[in-house]
Every structure is written in C-alpha cells, then in structure tokens.
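Undergrad: What follows is each chain in one-letter form.
Number of protein chains: 4
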Amino acid sequence: MEDVVIRTLDQVELRDPILVEGLPGVGNVGKLAADYLREQLGAKPLATVYSKFFPPQVYVSEEGIIRLVSNDLYYWRAPASAHHDVLILGGDYQGISPEGQYEITHRVLDYCHGLGVREVFTLAGFAQGRVVETPRVLGAATLPTRVESLKKHGVVFSRNDPGGGLIGASGLFLGLGRLFGMEGACLMGETSGYFVDPRSAEAVLKVLGRVLEVPIDFAALEAKAQEIDRIAQKIHEAEQRTAEPTSATGPASREDLGYIG
Amino acid sequence: MEDVVIRTLDQVELRDPILVEGLPGVGNVGKLAADYLREQLGAKPLATVYSKFFPPQVYVSEEGIIRLVSNDLYYWRAPASAHHDVLILGGDYQGISPEGQYEITHRVLDYCHGLGVREVFTLAGFAQGRVVETPRVLGAATLPTRVESLKKHGVVFSRNDPGGGLIGASGLFLGLGRLFGMEGACLMGETSGYFVDPRSAEAVLKVLGRVLEVPIDFAALEAKAQEIDRIAQKIHEAEQRTAEPTSATGPASREDLGYIG
Amino acid sequence: MEDVVIRTLDQVELRDPILVEGLPGVGNVGKLAADYLREQLGAKPLATVYSKFFPPQVYVSEEGIIRLVSNDLYYWRAPASAHHDVLILGGDYQGISPEGQYEITHRVLDYCHGLGVREVFTLAGFAQGRVVETPRVLGAATLPTRVESLKKHGVVFSRNDPGGGLIGASGLFLGLGRLFGMEGACLMGETSGYFVDPRSAEAVLKVLGRVLEVPIDFAALEAKAQEIDRIAQKIHEAEQRTAEPTSATGPASREDLGYIG
Amino acid sequence: MEDVVIRTLDQVELRDPILVEGLPGVGNVGKLAADYLREQLGAKPLATVYSKFFPPQVYVSEEGIIRLVSNDLYYWRAPASAHHDVLILGGDYQGISPEGQYEITHRVLDYCHGLGVREVFTLAGFAQGRVVETPRVLGAATLPTRVESLKKHGVVFSRNDPGGGLIGASGLFLGLGRLFGMEGACLMGETSGYFVDPRSAEAVLKVLGRVLEVPIDFAALEAKAQEIDRIAQKIHEAEQRTAEPTSATGPASREDLGYIG
Chain A
1 MEDVVIRTLD
11 QVELRDPILV
21 EGLPGVGNVG
31 KLAADYLREQ
41 LGAKPLATVY
51 SKFFPPQVYV
61 SEEGIIRLVS
71 NDLYYWRAPA
81 SAHHDVLILG
91 GDYQGISPEG
101 QYEITHRVLD
111 YCHGLGVREV
121 FTLAGFAQGR
131 VVETPRVLGA
141 ATLPTRVESL
151 KKHGVVFSRN
161 DPGGGLIGAS
171 GLFLGLGRLF
181 GMEGACLMGE
191 TSGYFVDPRS
201 AEAVLKVLGR
211 VLEVPIDFAA
221 LEAKAQEIDR
231 IAQKIHEAEQ
241 RTAEPTSATG
251 PASREDLGYI
261 G
Chain B
1 MEDVVIRTLD
11 QVELRDPILV
21 EGLPGVGNVG
31 KLAADYLREQ
41 LGAKPLATVY
51 SKFFPPQVYV
61 SEEGIIRLVS
71 NDLYYWRAPA
81 SAHHDVLILG
91 GDYQGISPEG
101 QYEITHRVLD
111 YCHGLGVREV
121 FTLAGFAQGR
131 VVETPRVLGA
141 ATLPTRVESL
151 KKHGVVFSRN
161 DPGGGLIGAS
171 GLFLGLGRLF
181 GMEGACLMGE
191 TSGYFVDPRS
201 AEAVLKVLGR
211 VLEVPIDFAA
221 LEAKAQEIDR
231 IAQKIHEAEQ
241 RTAEPTSATG
251 PASREDLGYI
261 G
Chain C
1 MEDVVIRTLD
11 QVELRDPILV
21 EGLPGVGNVG
31 KLAADYLREQ
41 LGAKPLATVY
51 SKFFPPQVYV
61 SEEGIIRLVS
71 NDLYYWRAPA
81 SAHHDVLILG
91 GDYQGISPEG
101 QYEITHRVLD
111 YCHGLGVREV
121 FTLAGFAQGR
131 VVETPRVLGA
141 ATLPTRVESL
151 KKHGVVFSRN
161 DPGGGLIGAS
171 GLFLGLGRLF
181 GMEGACLMGE
191 TSGYFVDPRS
201 AEAVLKVLGR
211 VLEVPIDFAA
221 LEAKAQEIDR
231 IAQKIHEAEQ
241 RTAEPTSATG
251 PASREDLGYI
261 G
Chain D
1 MEDVVIRTLD
11 QVELRDPILV
21 EGLPGVGNVG
31 KLAADYLREQ
41 LGAKPLATVY
51 SKFFPPQVYV
61 SEEGIIRLVS
71 NDLYYWRAPA
81 SAHHDVLILG
91 GDYQGISPEG
101 QYEITHRVLD
111 YCHGLGVREV
121 FTLAGFAQGR
131 VVETPRVLGA
141 ATLPTRVESL
151 KKHGVVFSRN
161 DPGGGLIGAS
171 GLFLGLGRLF
181 GMEGACLMGE
191 TSGYFVDPRS
201 AEAVLKVLGR
211 VLEVPIDFAA
221 LEAKAQEIDR
231 IAQKIHEAEQ
241 RTAEPTSATG
251 PASREDLGYI
261 G
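Protein chains in written order, with this note's numbering: chain A, 1 to 261; chain B, 1 to 261; chain C, 1 to 261; chain D, 1 to 261.
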C-alpha cells in the first residue's frame with residue numbers, strides 16, 4: 001500500500017489557505033486547540049489521511065461503528081473581507097516512528113501545497129514540569145519578520161526555550177514546510193506536562209485568533225478548563241489529607257484527568 | 001523481494017464470496033474459530049501468503065519437513081441454495097511490525113477484492129482479565145444496519161467495550177476493507193486472556209454460523225473446550241492445595257494450556 | 001541504495017552447483033563448518049554481498065586495512081567425476097532485522113538461482129542447553145525423499161526437535177528457496193549453545209562431506225576442537241577449586257572460548 | 001518523500017576535491033574537528049542534507065528561528081598551488097537506524113562522487129575508557145600505501161585497535177566509498193569517551209592539516225581545550241573534597257562538559 005493514503009472528501013477551491021496543525025502531544029494542547037477551533041468555526045471535512053505509520057488500530061464508536069485511525073483535514077471559508085481561508089489538521093495520532101513522522105508530514109504538506117497553502121501555524125504544548133497558573137505562549141518561526149509580528153501579539157520568544165528544539169509534527173510541519181516554500185510559526189502553550197491542559201490550549205488559540213483575525217468564543221473551552229481545575233484541586237486536597245500519599249492513588253487519579261480532556 | 005508474496009494454489013471462480021479472518025491473537029479465539037470452520041466445512045487451499053513482515057522462520061513437521069511461516073487462504077463452495085461462497089484466512093502470525101500489519105492486510109484485501117469479496121467478518125478474542133463462564137460475543141461493524149442485524153443474532157454491542165478500539169488484523173481488515181468498498185463486522189468472543197479458549201471460539205462460531213447460514217458441528221470443539229476445562233480445574237485444585245502458591249508452578253502449568261490449544 | 005548489493009568478483013560457469021550456507025548463529029556451528037569447508041576445498045571468491053540490513057560497520061585488519069561487513073560467496077569446481085560444483089556462503093552477520101533477513105536471503109537466492117543452483121544445504125547449531133559429548137546431527141528437509149536419504153547418512157530426524165522450527169538464515173534459505181524451485185535440507189549440529197563449538201561443526205561437516213561426496217581432512221578442525229576442550233576443562237577445574245564461584249570469573253573465562261573459535 | 005534529500009545551495013566546479021567527514025560521535029571528536037576546520041578555512045555552504053532517517057526535529061535559534069536537523073556540506077577552494085579542493089561534511093546527527101546510516105552515507109557519497117570526490121578522510125574519536133593526557137591518532141585505511149604514508153605523519157596503526165572495527169559514519173563512508181571507487185582513511189583521536197574532547201580533535205586536525213597541506217591556526221581550539229581542562233579539574237577537586245561523592249553531583253557536573261563542547 002502507499003505509505004500515506006489521502007482520501008479527498010470534498011473538492012474545494014480555497015483562497016490563499018493557511019494550514020493550522022494540532023495533533024496529540026504534550027498536554028494534548030495542540031490537539032485541543034485545533035479541535036476547538038474546528039468546532040467553533042464549523043469547519044467542514046476536506047480529506048482523511050490514513051497511513052501504515054499509524055498504529056494498526058480501529059476505533060469503535062458508542063454505537064459500535066468502526067473507524068480506522070487517521071489524521072483529518074478540515075476547511076473553513078473565511079468571510080469575503082478576510083484574506084485567507086483556513087485548513088485545520090487534527091487526528092488520532094502522530095506517526096509512530098521517526099520515518100513515519102517524516103513521511104506523513106511530507107505527504108500532507110504536498111497535498112496542502114496543491115491546495116495553495118503557503119503559510120503554516122503549528123500548535124503545541126511546552127512542558128514546564130511544574131504547574132503553570134497563567135500559561136504564556138512561546139513561539140518559534142521560520143522568518144525574523146514573523147518573530148517580530150508574533151511578539152506584538154504577546155508571543156514570547158525565549159532565548160533558551162525550547163532549548164532542545166521541537167520534536168514531532170509541530171516542528172516538522174515547519175521544517176519540511178520550508179522545502180515546499182512555506183513559511184510559518186509554532187505556538188507553544190506552557191503546560192505542566194502532567195495532564196491535558198485546556199487552559200494552555202485557550203492561551204494558544206487566543207493568540208491564533210488574533211493573528212488569523214478569526215473571532216473565537218472561548219466559553220466551552222473555559223468550562224472544560226474549570227472542570228480540569230476542579231478535579232486537580234480535589235486530587236490535591238486528597239493528597240494533603242493522606243498522611244503518607246501512596247503512588248497508587250496519586251497517579252491513578254491523575255490519569256482520570258487525561259480521560260476527561 | 002515483494003513485501004507480500006501471494007501464491008495462488010487453485011484458480012477458482014467464487015460466488016459473491018465472504019471473507020472470514022481468524023489469525024493468532026487474544027486467547028487465540030480468532031484462529032481457533034477460523035481453523036475449526038475450515039475443517040468443518042472442508043474448505044480447500046486457495047492461496048499462500050508469505051511476507052518479510054512475518055518472522056524469518058520455518059516450521060518443521062513431525063516428519064522433518066520444512067514449511068515457511070505464512071497466512072493461508074481457503075475457499076468453500078456453498079450449496080447452490082446459498083448466496084455466498086466463503087473464504088477463510090488463517091495462519092501462523094500476524095505481521096510483526098505495525099507497518100507490516102498494514103502492508104499484509106492491504107495486500108490480502110486487494111487479492112480478495114479481485115476474487116469478488118465485498119464483505120468481511122473478522123474473528124477475535126476480547127480479554128476480560130477474569131474467568132468468563134459463558135462468553136458473550138461482542139461486536140463492532142462498519143455500518144449501523146449491520147449492527148442491528150447482528151444484535152438479532154445475539155451479538156452484544158456495548159457502549160464502552162472495546163473502549164480503546166481494536167488493535168491488529170481483526171480491526172485492520174475492516175478499517176482498510178472500507179478503502180476497498182468492503183463492509184463487515186468483527187465478532188469478539190469474551191475470554192480471560194490467560195490461555196487459549198475454544199469455548200469462546202465456539203461462541204463466536206455459533207453466531208457466525210447463523211449469520212452465514214452455515215451448519216457447523218461443534219462436537220470436536222466442545223471436546224477441546226472440555227479438555228481445557230479439565231486442565232484449568234486441575235491447576236485450580238493444585239493451587240488450592242498449595243498453602244503458598246509460588247509463581248513458579250502456576251504460570252508453568254498455565255502455559256501448558258497454551259500448548260494444548 | 002539498493003537493499004542488497006552483490007558484487008561479482010569472478011564470472012564463472014558452474015555445473016549444477018549446490019549452495020552450502022553457514023552464517024553466524026548458535027555456537028557458530030554453521031559458520032565454522034562453512035568456513036572450514038571453504039578452506040579445505042580451496043574454494044575461490046565469487047561474489048560479495050553488502051546490505052543496509054547488516055550493521056553499519058567496517059572491520060579493520062591487523063595491517064590497518066578496512067573492510068565493509070559482508071556475506072561472501074565462494075565456489076569450488078568439483079572433479080569431472082562429480083555431478084555438482086559447490087557454492088559456499090559465509091559471512092560476518094545475518095541481517096539484523098526480520099525484514100532484512102528476508103531481503104538478503106531472497107536476493108542471494110535469486111543470484112544463486114541465476115548461477116543454476118537448485119539444491120541448498122544450510123548448516124546450523126542446535127542448542128541443547130547442556131554439554132553435548134558426542135553431538136548428533138539433526139535434520140530438516142524440504143521433501144520426504146531427502147529425509148530418507150539423509151537418515152542413511154546418520155542424520156537424526158526427531159519428532160520434537162526443533163519444536164519451534166528454525167529461526168534465521170538456515171531456515172529461510174530453505175523456506176524461501178522453495179519459491180525459487182530449490183530443494184534442500186538443514187543440518188543442525190547439537191551443541192551446548194554456550195560457546196563456539198568446532199566439534200559440532202565437525203559432526204555436521206562429516207555428514208555433508210558424505211552427502212556431497214567431498215573428501216574433507218578434519219585434522220585442523222579437530223585441533224581447534226581439542227583446544228576448546230582444554231580451555232573448557234581448565235575453566236571447569238578452576239570452578240571446582242573455587243569454594244564460591246563468582247559470576248565474575250565464570251562468564252569472563254567462558255567468553256574467551258568465544259574469541260578462540 | 002525521498003529517503004535522503006540534498007539541496008544544492010551553490011553550483012561549483014571543484015578541483016579533485018577531497019571529502020572530510022566529521023559527524024557527532026565518541027567525544028564529539030569528529031564533529032569538533034570538522035567544524036573547526038570549516039571555520040578556520042572559511043569554507044562555504046555547498047549543500048544541505050535532509051533525511052527521514054534523522055530525528056523528526058527542528059532546532060530553534062536564540063532569535064527564535066527554526067531549522068530542520070540536517071547534515072551540511074561545505075567547500076573550500078585551495079590555493080592554485082595545491083592539488084585538491086576540500087569538501088567538509090558536518091551536521092547535527094548520524095542516521096538513527098542502521099539502514100538510515102547506510103542510506104544517508106550512500107546518497108551523500110553518490111552526490112560527492114558527482115562532484116569529483118575520489119578520496120575521503122573520516123574523523124572520529126576512539127574511546128579508551130580512561131583519561132588520555134596526550135591523545136594519539138589511530139588510523140585505518142583502505143589501502144596499504146595509505147597506511148604507510150599516514151604512519152609518516154605520526155598516525156598509529158595498532159594491531160588490536162580498533163578490535164571490533166568501526167561502527168557508524170566514519171567507517172561507512174570508507175566502506176561504502178570503495179563501492180564508488182573512492183580510497184581513504186579514518187583518523188581516530190584517542191579520548192576518554194566521557195565528555196567532548198577538543199584536545200583529541202586538535203590532535204586529529206594536526207595530522208589532517210599535514211596530510212592535506214592545509215595550514216590551520218589552533219589557537220581557538222586550544223582555548224576551548226583549556227576551558228574543558230579547567231572544568232574537569234574543578235570537578236576533580238570537588239570530588240576530592242567530598243568525603244562521600246554522590247552520584248548526583250558527579251554526573252550532573254560532567255554533563256556540563258558536554259554542553260560546553
């Protein structure tokens with residue numbers, strides 16, 4: 001089979017579309033943000049990406065219907081006043097091997113290039129290893145001019161972060177994107193790295209909304225963030241109450257946070 | 001060499017054949033069921049599937065004859081009154097890497113598509129992590145209409161099971177099958193997951209027999225199930241007798257169950 | 001690069017050549033036997049096999065000269081009275097991944113098929129997990145007629161050994177060989193599996209020499225076997241002397257055995 | 001995507017160029033030496049090598065600019081009096097799988113062959129597992145004549161080192177280079193193997209400078225070596241002062257050495 005199979009669901013002409021990527025990763029920040037953007041914009045399915053570099057797995061819906069794991073491309077037609085339509089890439093997994101990551105990213109970029117994409121924003125979490133009350137949005141970009149314009153939107157460009165660079169789709173879509181003549185930036189929401197973090201996703205989306213000049217209603221995401229806060233608080237209290245906190249209860253409960261997100 | 005090599009043993013024309021897949025997996029339920037169906041129907045060899053994604057291994061028969069590990073496709077011509085001939089896929093292994101699973105499944109589906117297959121049933125075990133006295137058959141399907149028709153045959157569609165989806169050939173044959181325009185369902189026999197489980201295979205086959213309108217004599221499978229029961233009972237009694245059951249005896253004996261199946 | 005690169009060193013026409021394979025493996029029996037056969041026959045270099053499925057490694061000779069790891073094919077022209085010339089495959093490594101093993105074996109078989117090979121003997125060790133005073137030669141073959149003829153040469157066909165089949169080149173050259181219309185057999189010398197075993201290699205070669213009707217002088221191999229015996233004896237005595245044998249001395253000394261072979 | 005993508009940055013004609021390879025490895029000796037040679041010669045960018053066999057990673061500069069991990073080829077035009085221009089290959093990583101190492105090396109060699117390269121020097125560290133006050137330069141070569149000429153430049157050809165051969169790019173560029181008709185040698189600076197070692201790199205470069213008849217100013221490299229010496233000395237003193245040195249401080253400080261290099 002082809003390494004990566006892209007099934008087009010809707011033949012569309014888009015105006016100078018910008019690609020927004022958000023796949024599972026640190027704190028699921030990128031995926032939460034991309035999925036939320038898609039829902040809020042009411043973006044429509046454009047194409048499905050299958051690959052032998054994803055796990056050999058199907059998901060089963062509550063109704064018992066099977067679906068092969070995939071990445072999924074949605075499109076949103078911006079109002080006539082705007083300059084750019086938007087493509088949103090989300091999905092179940094990143095490629096599970098390094099080569100797979102390259103192959104999938106390259107193929108999706110090639111497809112998006114054919115749709116006219118010349119600009120890419122990748123969304124990700126940046127693990128701080130500690131609780132982050134008010135997550136900042138760190139940035140990295142392909143051009144100095146983009147660094148400057150993002151700084152005006154409050155994005156932080158830190159001399160030392162991310163020190164080791166970016167690993168995975170959020171870096172690769174920009175790094176390989178340049179081979180397709182695309183420019184772009186990565187927006188990284190600070191997060192603890194311990195559980196899914198809708199608040200960090202919200203911080204990232206607020207920046208992206210301003211950059212893309214897309215109005216986003218954050219009520220539902222805020223509600224989800226508060227739900228996570230409540231559970232985290234309960235776990236914290238439970239741990240305080242326990243004289244000798246065992247590793248058994250702590251992690252088990254924390255895992256719940258993952259499933260909620 | 002080609003990633004997957006299919007050797008046709010018999011050139012046949014089949015009437016709207018249905019593919020039944022049962023490869024090694026949880027409790028070997030799928031393989032036990034597919035192999036038993038093949039024996040009971042007296043299905044004939046159609047093709048052998050070799051692949052570099054199987055282990056680099058040959059089996060040696062009791063007579064000293066070598067055979068390269070493979071998957072194997074058998075066919076059964078249904079009586080004139082029936083609508084569908086049946087193809088049965090069994091074998092020694094699933095692909096040993098994720099990519100290998102995709103490649104082998106895709107190639108076999110392509111081959112079966114050429115034979116006219118438009119419908120697939122995959123057989124598997126569903127590990128419950130506890131002894132299951134009367135195994136239910138859980139289901140997952142590609143279409144809501146199939147969910148409904150399988151419910152009438154006693155298949156259980158549970159809102160939460162299988163929560164994480166299906167991993168391996170039984171999911172992939174359905175998920176990738178859709179790319180070939182095939183519809184189908186997975187029948188999962190509940191099993192402990194600790195040893196080979198002919199009783200679970202029997203439960204799965206009873207449903208499949210009704211769905212395919214194929215009469216199956218379960219005497220031999222029932223005998224095998226009772227043999228496993230007896231051994232399990234003996235192990236249980238031995239463990240009861242032992243004041244402090246050691247991990248050494250328990251697993252060793254349990255392993256015997258695997259060899260019997 | 002090509003997965004497997006074969007460099008022909010000498011263009012030759014051979015008479016119905018038989019391929020003898022002996023690569024590193026259990027007790028290095030196969031490699032010892034093939035290398036010794038090559039030396040005794042004065043076989044000449046025919047081709048070198050490079051592959052990306054070998055380790056990315058070069059060896060350096062005592063003179064400081066570099067050599068890329070490889071498998072190597074040698075040929076021996078039998079006297080006019082004999083029916084078959086002989087090809088001998090030895091080398092530094094087997095492929096280091098399952099897929100690599102398939103790719104290399106398939107490519108070498110394809111090459112040998114082009115040279116007229118229709119018959120293959122693979123040489124290997126069979127690990128018994130205990131010291132074997134007088135190693136038997138176990139067999140496995142592609143045809144019942146070969147089983148019978150090998151029995152006459154003293155090869156043992158055991159109902160249960162090798163129970164799990166053969167893994168690696170010695171099995172694959174036969175299993176894949178059949179896809180090229182080749183027949184053959186595997187000769188497995190019993191060995192402890194703990195160190196290199198020239199005595200087991202000698203047992204294997206004695207059978208092969210009779211089968212191929214090739215006279216072999218075993219003096220040098222016997223000397224090597226006695227050297228291993230002496231060292232094993234010394235280690236044994238040292239362990240007897242030591243009240244509490246530590247794991248540190250034992251394995252270290254045993255490792256020496258590996259280097260001698 | 002192609003396994004290896006080479007982007008040419010500058011179309012040049014070179015006079016009988018010699019390739020010098022220095023990628024990350026033991027003590028980072030090869031990389032330090034190649035990078036320093038490039039800086040001292042003022043070599044210019046010729047081509048960038050991307051590959052799916054590198055990690056899926058981008059680096060972010062202090063200014064926030066993204067760069068996909070790569071290997072990089074530079075060229076230096078020798079003065080008219082010299083016989084050979086020089087190509088220098090450095091980079092972030094070696095291929096992360098054995099197959100990847102073969103693929104990248106083969107592709108780069110093919111590219112360099114097209115530029116006229118017929119001679120290769122690979123630079124590496126040789127781990128001695130102990131502090132080396134005055135590192136010797138060990139050698140391995142493709143031809144006896146080269147062994148002899150390198151001995152005259154002080155290169156040591158040891159009967160036993162490197163016993164197990166060379167693993168990775170420094171060996172492969174020579175081993176595979178021969179398939180392209182290239183000859184060459186590996187220069188290995190002795191090093192402890194515990195941290196980056198500019199002094200070992202200096203020893204290697206001194207030999208290379210004499211062989212290539214290229215004048216190199218070692219002041220900056222010497223300064224870096226002394227910096228490492230000072231830190232190593234401080235760590236040593238700290239460990240002496242500590243009655244019971246804990247593993248926590250030791251390795252942590254030693255790691256600093258890695259970052260400095």
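One or more hints might be untrue.
Stated by the list, open to error - In silico negatives: residues of chain B with every beta carbon more than 10 Å from chain C: (1) 7; (2) 55; (3) 67; (4) 151; (5) 179; (6) 193.
Stated by the list, open to error - Part of the chain A face toward chain D, derived, beta carbon under 8 Å: (7) 96; (8) 98; (9) 99; (10) 101; (11) 131; (12) 139; (13) 144; (14) 149; (15) 153; (16) 166; (17) 175; (18) 180; (19) 181; (20) 182.
Said to hold, decoys possible - Have a look at the derived ranges for each label pair, beta carbon to beta carbon: (21) A/2 / C/217: 53 to 61 Å; (22) A/116 / D/210: 53 to 61 Å; (23) B/77 / C/215: 54 to 62 Å; (24) B/241 / C/222: 35 to 43 Å.
The set of hints was computed from the structure by calculation and includes no laboratory data. Predicted model only: the values in this text are computed from it and were never measured. Where is the CB? At the ideal position from N, CA and C, for every residue including glycine.
Undergrad: Looking back at the hints listed earlier, which ones does the structure fail to meet?
TA: Violated: hints 1, 2, 3, 7, 11, 14, 15, 18, 19, 20 and 24.
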